[in-house]
Amino acid sequence: MTLLELLDYASVIVFALTGALVASRAQLDIVGFAFVAALTATGGGTVRDVILDRNPVFWVAEPGFILAAVAAAALVFFTAHLFESRLKLLTWLDALALAVAVPAGTGVAMALGHGAAVVLLMGVATGCLGGLMRDVVCNEVPLVLKQGELYVTAALAGAAAAILASQVAPESVALPACAAVTFTLRAGSLLFGWRLPVYRSRPPRR
Amino acid sequence: MTLLELLDYASVIVFALTGALVASRAQLDIVGFAFVAALTATGGGTVRDVILDRNPVFWVAEPGFILAAVAAAALVFFTAHLFESRLKLLTWLDALALAVAVPAGTGVAMALGHGAAVVLLMGVATGCLGGLMRDVVCNEVPLVLKQGELYVTAALAGAAAAILASQVAPESVALPACAAVTFTLRAGSLLFGWRLPVYRSRPPRR
Amino acid sequence: MTLLELLDYASVIVFALTGALVASRAQLDIVGFAFVAALTATGGGTVRDVILDRNPVFWVAEPGFILAAVAAAALVFFTAHLFESRLKLLTWLDALALAVAVPAGTGVAMALGHGAAVVLLMGVATGCLGGLMRDVVCNEVPLVLKQGELYVTAALAGAAAAILASQVAPESVALPACAAVTFTLRAGSLLFGWRLPVYRSRPPRR
Chain W
1 MTLLELLDYA
11 SVIVFALTGA
21 LVASRAQLDI
31 VGFAFVAALT
41 ATGGGTVRDV
51 ILDRNPVFWV
61 AEPGFILAAV
71 AAAALVFFTA
81 HLFESRLKLL
91 TWLDALALAV
101 AVPAGTGVAM
111 ALGHGAAVVL
121 LMGVATGCLG
131 GLMRDVVCNE
141 VPLVLKQGEL
151 YVTAALAGAA
161 AAILASQVAP
171 ESVALPACAA
181 VTFTLRAGSL
191 LFGWRLPVYR
201 SRPPRR
Chain Y
1 MTLLELLDYA
11 SVIVFALTGA
21 LVASRAQLDI
31 VGFAFVAALT
41 ATGGGTVRDV
51 ILDRNPVFWV
61 AEPGFILAAV
71 AAAALVFFTA
81 HLFESRLKLL
91 TWLDALALAV
101 AVPAGTGVAM
111 ALGHGAAVVL
121 LMGVATGCLG
131 GLMRDVVCNE
141 VPLVLKQGEL
151 YVTAALAGAA
161 AAILASQVAP
171 ESVALPACAA
181 VTFTLRAGSL
191 LFGWRLPVYR
201 SRPPRR
Chain D
1 MTLLELLDYA
11 SVIVFALTGA
21 LVASRAQLDI
31 VGFAFVAALT
41 ATGGGTVRDV
51 ILDRNPVFWV
61 AEPGFILAAV
71 AAAALVFFTA
81 HLFESRLKLL
91 TWLDALALAV
101 AVPAGTGVAM
111 ALGHGAAVVL
121 LMGVATGCLG
131 GLMRDVVCNE
141 VPLVLKQGEL
151 YVTAALAGAA
161 AAILASQVAP
171 ESVALPACAA
181 VTFTLRAGSL
191 LFGWRLPVYR
201 SRPPRR
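Residue numbers (the UniProt record's numbering), protein chains in the order written: chain W, 1 to 206; chain Y, 1 to 206; chain D, 1 to 206.
Among the hints, a few may not be true.
Cross-link-like lysine to aspartate or glutamate pairs, in silico, EDC-like; alpha carbons within 20 angstroms at most [stated by the list, open to error]:
#1 K146/D <-> E140/Y
#2 K88/D <-> E140/D
#3 K146/W <-> E140/D
What follows is a set of in silico ranges between Cβ atoms, one per label pair, in the way DEER data are often shown [claimed, not checked]:
#4 R195/D <-> N139/Y: 16 to 24 angstroms
#5 W194/D <-> L67/Y: 36 to 44 angstroms
#6 A71/Y <-> W194/D: 50 to 58 angstroms
None of these hints come from the bench; they were simulated from the model.
For every residue, glycine included, the Cβ atom is placed at its ideal position computed from N, Cα and C.
Pulled out of the complex, with its shape left as it was, chain W reads as follows:
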């Protein structure tokens, strides 16, 4: 298994766990868990593959991804009640999923020889869109747009780190560096309140 496949698997499994946790908040049945989990797990990578015209889409080529997502959904269905705070678990698993999905998107775009702007966008899209679909479909406030937290910023910084690192190091260093930067920024935002200034409207000039 290549590093990129490994990242895709990790991203699918951890995003599927988050999808199933959101399904538990909506009190769906086990097939509903699997549906939301599969949508969350494959959403970002599917958009990446369709936009970059990779054929076949990663989970069509290797249906093991679907089985992994369904297994993750079943695991959550039977164990989620063991956790005290499902929202906290969800937030941290989502941070972990972001940190593996961003290098998965970045790595594919770099391997196809795209320039920096496309690589950055594919990192952000692969990292953010699966969770965004999950939250829109389940009518949750999207984590990706939660005010006063680093999320897209963490993805963008991770993708930028991958581009910089790939100038001087092989993929096996650049993609883990991307994951580390993404997770550090997202975790720092959750734990210590790291943030960028948000827009605040001021009174118009006189």
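We have chain W; now place chains Y and D onto it with these hints.
Showing chains Y and D alone in chain W's frame:
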């Protein structure tokens, strides 16, 4: 016209009727009816064709699909007031649309030679995503995720029935069997409350 | 730069401004502004290119589009407070974006030799879907489905005007005519309340 084209037409027309009914609940004008109807009618099949890299997408190849969706929207615009309960009509038309869209997705994926996991997912996606787009865009609670009803389960069981039946019978038997299983489960859920157990959080273990 | 590229650039920049304005209403940080702006700016054209199988997608081929969207987002981040009514500014910029995106979609579909139904739908989809994604993701009531305003109708009429004009005039006339018709109808609806009759349920016949 092949059986697959027939299923695509039936799916487009019946989903268009549901889209127009949702538009009537939002009190849109006739062009708004046509817009929501066309989105609902083509959404699932478009995702199917893009993911499976079928070119051209079914309604680009045969614009009659669009005309059929627009005609269905106009029909609803002028007649919806004749029905006592538009919500009930919507729910049952949606069940019918699901029952023709699942075999339409399943049949295309089987005809392209995909394995069971991809066939199942394409059946579910083609059946569920058009209605999901309709409900997200019009800010309705998605029927597909309504708690305590069989919906994705009906689609999944129908797609599984198609796979099993296709081992021993031709497509002309397998796809109608898929439609019958899907509709029976969905209708049984609506009429008799058939359901799977839903997730309920329990207190954490001590 | 061809006329179609020019329309794509104008559409990206003006839709990015609207995305950033919606981000300002959600009080996001500057990276959130860029994310919503890029999604809004590229959403409609990406769907167009994926459905019509244009490879590569327009902004993958020319990453200048992304830079333009990000620059527009930054501009709004630092200047939006200068405007008295951001909602009014948003509505009018959105009308302008619609009026350049519809000919951008229409022109591409006509250049690929598609028939009238596909050209109309691509005009509407390219014009409407970016803003629809923006509003769904940011949990705003979609402008495109706002009751009692011409929006999809303006897009549809513009696309129809392009088809008619292209029978007797070159693209350099047909596409500006499309933009003029779209903007006139949308602006007339905003300024003078032009509208089509909306659906109103009546009591069922006895």
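Comparing the hints with the structure gives:
no.	hint	result
1	K146/D <-> E140/Y	holds (15 angstroms)
2	K88/D <-> E140/D	holds (15 angstroms)
3	K146/W <-> E140/D	holds (15 angstroms)
4	R195/D <-> N139/Y: 16 to 24 angstroms	holds (21 angstroms)
5	W194/D <-> L67/Y: 36 to 44 angstroms	violated (26 angstroms)
6	A71/Y <-> W194/D: 50 to 58 angstroms	violated (26 angstroms)
Violated hints for the displayed structure, listed by number in ascending order: 5 and 6.
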